[in-house]
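Enquirer: Protein chains in written order, with our numbering: chain A, 1 to 318; chain B, 1 to 360.
For the record, the hints were derived by calculation from the structure and aren't laboratory data. Please read all numbers here as calculations on a predicted model, not as lab measurements. A portion of the hints provided could be inaccurate.
To be verified - Computed footprint of chain A on chain B, listed as stretches where at least three residues anywhere in the stretch have a Cβ under 8 Å from a Cβ of chain A:
{"hint": "1", "stretch": "86-95"}
{"hint": "2", "stretch": "125-134"}
{"hint": "3", "stretch": "137-147"}
{"hint": "4", "stretch": "176-188"}
{"hint": "5", "stretch": "222-228"}
{"hint": "6", "stretch": "233-241"}
{"hint": "7", "stretch": "290-302"}
Each residue gets a CB set at the ideal place from its N, CA and C atoms; glycine is no exception.
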Amino acid sequence: MATLALDTQPPEQSPVARFVRRALPIVGAIFLITFALIQILPFVYTLANSFKCLPVIGANPQAVIPVPPFGVPCMVDGSAVSASQQSSGITFNPSVEGYQEILNLNLPRWALNTVIYAVTIMLLRLAFDSLAGYALARLKFPGNRLMFLMVLGTLMIPAVVLLIPRFIILKQLGMLNTYQGLIITLAADGFGIFLMKQFFESIPEEIEEAAMVDGASRFTLFFRIVLPMATPALTALAIFSFQGQWNNFLDALVIIGGNQSLWNLPMGLAFLRGAGGETLRWHQFLAGSVLTTVPLAVIFFVFQRYFVEGTAYSGLKG
Amino acid sequence: MAQTLTPSSAVAHGSFMTQADRRRQEALTGYAFMAPAFIILLVFLIIPLLAAAYFSTTDWNGVTPLTRPDAYQSLGVRNYERLLFEEGIRQERFYTSLKNTIYYVLGVVPLQTVLALLLAVVVNQRWLKAKGFFRTAFYFPSITSSVVISLIFMWLFTSNGLINQGLGAIFPNYQNVTWLNDANGVIHNLLRLFGITRAAVGDWASVEIASIRLWDWISGPSVTMLMIMLLATWTTIGTMMVIYLAALQNIPRHVYEAATVDGANAWQIFRRITVPLLRPTTFFIITIGLIGAFQVFDQIFVISNGGPNDTTLTIAYLVYASGFTDQRMGQAAATAIVLFVIIFTFTLLQRRFVGDRAVT
Numbered sequence: 001m002a003t004l005a006l007d008t009q010p011p012e013q014s015p016v017a018r019f020v021r022r023a024l025p026i027v028g029a030i031f032l033i034t035f036a037l038i039q040i041l042p043f044v045y046t047l048a049n050s051f052k053c054l055p056v057i058g059a060n061p062q063a064v065i066p067v068p069p070f071g072v073p074c075m076v077d078g079s080a081v082s083a084s085q086q087s088s089g090i091t092f093n094p095s096v097e098g099y100q101e102i103l104n105l106n107l108p109r110w111a112l113n114t115v116i117y118a119v120t121i122m123l124l125r126l127a128f129d130s131l132a133g134y135a136l137a138r139l140k141f142p143g144n145r146l147m148f149l150m151v152l153g154t155l156m157i158p159a160v161v162l163l164i165p166r167f168i169i170l171k172q173l174g175m176l177n178t179y180q181g182l183i184i185t186l187a188a189d190g191f192g193i194f195l196m197k198q199f200f201e202s203i204p205e206e207i208e209e210a211a212m213v214d215g216a217s218r219f220t221l222f223f224r225i226v227l228p229m230a231t232p233a234l235t236a237l238a239i240f241s242f243q244g245q246w247n248n249f250l251d252a253l254v255i256i257g258g259n260q261s262l263w264n265l266p267m268g269l270a271f272l273r274g275a276g277g278e279t280l281r282w283h284q285f286l287a288g289s290v291l292t293t294v295p296l297a298v299i300f301f302v303f304q305r306y307f308v309e310g311t312a313y314s315g316l317k318g
Numbered sequence: 001m002a003q004t005l006t007p008s009s010a011v012a013h014g015s016f017m018t019q020a021d022r023r024r025q026e027a028l029t030g031y032a033f034m035a036p037a038f039i040i041l042l043v044f045l046i047i048p049l050l051a052a053a054y055f056s057t058t059d060w061n062g063v064t065p066l067t068r069p070d071a072y073q074s075l076g077v078r079n080y081e082r083l084l085f086e087e088g089i090r091q092e093r094f095y096t097s098l099k100n101t102i103y104y105v106l107g108v109v110p111l112q113t114v115l116a117l118l119l120a121v122v123v124n125q126r127w128l129k130a131k132g133f134f135r136t137a138f139y140f141p142s143i144t145s146s147v148v149i150s151l152i153f154m155w156l157f158t159s160n161g162l163i164n165q166g167l168g169a170i171f172p173n174y175q176n177v178t179w180l181n182d183a184n185g186v187i188h189n190l191l192r193l194f195g196i197t198r199a200a201v202g203d204w205a206s207v208e209i210a211s212i213r214l215w216d217w218i219s220g221p222s223v224t225m226l227m228i229m230l231l232a233t234w235t236t237i238g239t240m241m242v243i244y245l246a247a248l249q250n251i252p253r254h255v256y257e258a259a260t261v262d263g264a265n266a267w268q269i270f271r272r273i274t275v276p277l278l279r280p281t282t283f284f285i286i287t288i289g290l291i292g293a294f295q296v297f298d299q300i301f302v303i304s305n306g307g308p309n310d311t312t313l314t315i316a317y318l319v320y321a322s323g324f325t326d327q328r329m330g331q332a333a334a335t336a337i338v339l340f341v342i343i344f345t346f347t348l349l350q351r352r353f354v355g356d357r358a359v360t
C-alpha cells in the first residue's frame, strides 16, 4: 500500500530514484549470496578434502566432486599414490585413510571425554543455575541483592584473566588434571544464572502464590510448577552450555592439559599440529575437524530454532 | 492441613506460622538454592581473581609448591613496574602485545559490527526469499570450535594451499604470499607503495616510546595478524547478525510505513530510523565484541603461537606464555590484572554511554 502511495508522488518518480529502487534488491542479493558462499565454502572444501590422500590435498585441493572408485588406498606397494591417479579437475576418488589414521590417534578417547565434559557440565548448570536464578528472582533473604551483583560481576571477568588464577586454585585443591577439576570449575556460570533469573521474573507470580496457598513447599513448587514452565529458557541454557563446552579449549588447556588421556577434542586437535613433525598431516586434521564438527552440526540443525532464538534473546535481554 | 478447604484458610495458615517464621524459612530456602552455584562462583571465579591480584605481587614460578617456605618472594609492585614503566625486554613484550591487541580490536570490532548490521538489514527485507537459509549459512561458523576453524584457515591459507592456488590460477603473475608467516605490517606495506620507508622518513622514527620504536608503533597489524582478524570476523558476524535481526524485527512496521509515506528513501530510512532505533543493540554488540576481541587467544595458539616476530603476540597470549612457557606466574598474573583493568574500563565506559540499559 505504502509503495503505491509513494509511486504517485512526483518527487519519487525521477529515473535515478526508480533505478535505485529496482537495483537495490539485486545489489542486496549479490551481497548476501557472496557472504553466504564465504561462510559455507570453507566447510565444503574441508569436507571434500578430508576424504583425500595427503598428496591429492596438496596438488588438487579444489576438487570437490567425489567419483568412484570409493575408498581408494593412499599407499600402493609401499609408495604413495600420485595425486593425478586419484583426482583430475574438480573430481577425486575418495579415501578414508585420514579418518582411519585419526581414529587410531586417540580421537575416540577425546570424543568420549568431550561428551563427558559437555553433558555433565550442562546438567550441573541446568540444576545450579536455575536454582540460583529462582532464588534471586523470587526469594527474599538478606544478601540477595549483593549476591546478584556478585553474579553479575563475574560476567565481567574475562576468561583469559582467569587462566592463571584458576591454575593456582586448582593446583592447591589437587584438582589439576582431573575430570572433576574441569567439571566442577565450570558447573555454574553467571550468564546461566542471569538468564534463568530473567526468565523466572517474567512468569506471573500469581501461579506460585496459588500453589503456596495450597500448602506446597518451595521445593515442591520449584520442581513441580516453576521448572516445567521454564522449558524454553532451560533449552537455551542447555544448548549454549553444551556448545560452549564441546568447543572449550582455553579451560581444557590449563586444567587438563597435562594429562593426554583427559583431553577433549579441541585439545587433541590443537596438539595434533606438533605431532607430525615438519609435515603437516592435513588429511588427519581435516578428518578430525569434520568429526569434531558433525555432532554439533547435527544438534544445530535439529535445534536450530533454539540456537537462534536463544542468541537473539540474550541479545535483547542483555 | 485441613483448613485449606475454606476461603479464609490463607489467613488461618498465616496465624499458624508467624510472619517471622515464614520469613526465616524463605531465607533458608533462598540460601539453600543459592549455595551450589554461589560456592562454585566464589571458589573458581572470585577467589581466583583475588589470588591473581595477590600473586601478581610475587615472583612465584608456578611450579614450586606453595607449601615450601621459599616458594616465592614478595615483590610489591615490581612486576607492574617492569611491565609498564621500566625499559627492558618485559616492557617491550608487553607493549608489543598491547599494540597488536589494539590493532586487532580496532580492526575486528568495527568490521564485524558493520557487516553484521548490513547482513541483518538485507536479510530482514520483505522481498527476500529463503531467509532461513541465509540465517543458517551465516550462523553456522559461530557454532564450530575455534580450534577447528583455525585449522581450516591454516589449511586454506597455507603457502601452497587452496587460496594461493586459486589466486595463482586467476592471476598468472601471482607470487605466493605466505599469509600465515608474514611479519610485515599492513600500514608499512601501504606506506612503501608511496615510497615511504623507515630510511626515508628520518630519525624521528627511531625514537623509542616504551621500548618500541615509533616506526614500529605505526606498523599496523602484520599480514598474519590481518588474516587472524578476518578469521575472527568471519566467525562472529553470524551471532551478531542474529542479534541484530531480532532487534530489527522488534521495530514496529508502522514506523517504516510512516517514513515511506513521508517520502523518505531507503538510505534515509536506514540512516534516520533503523540505526538510531538499533542503538542499544549496537552498544551491546560492541561491548561483547570488545570483550571478546581483547581476549583473543585460541586462534593465536593454534595458528601462530604469537609469531612471526611477535606480531601476533596478544595480551592474552602473553599471559599464557609468561605463565606457562616462561614459568613466571607472578608476572603473568600481573599481565592478566592489567588486561582485566583494560576490559573493565571499556565495559564501564560503554555502560556510561548506554546508561542503565545494558547489564553486561
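Enquirer: Which hints, by number, does the structure contradict?
Expert: 1, 4, 5
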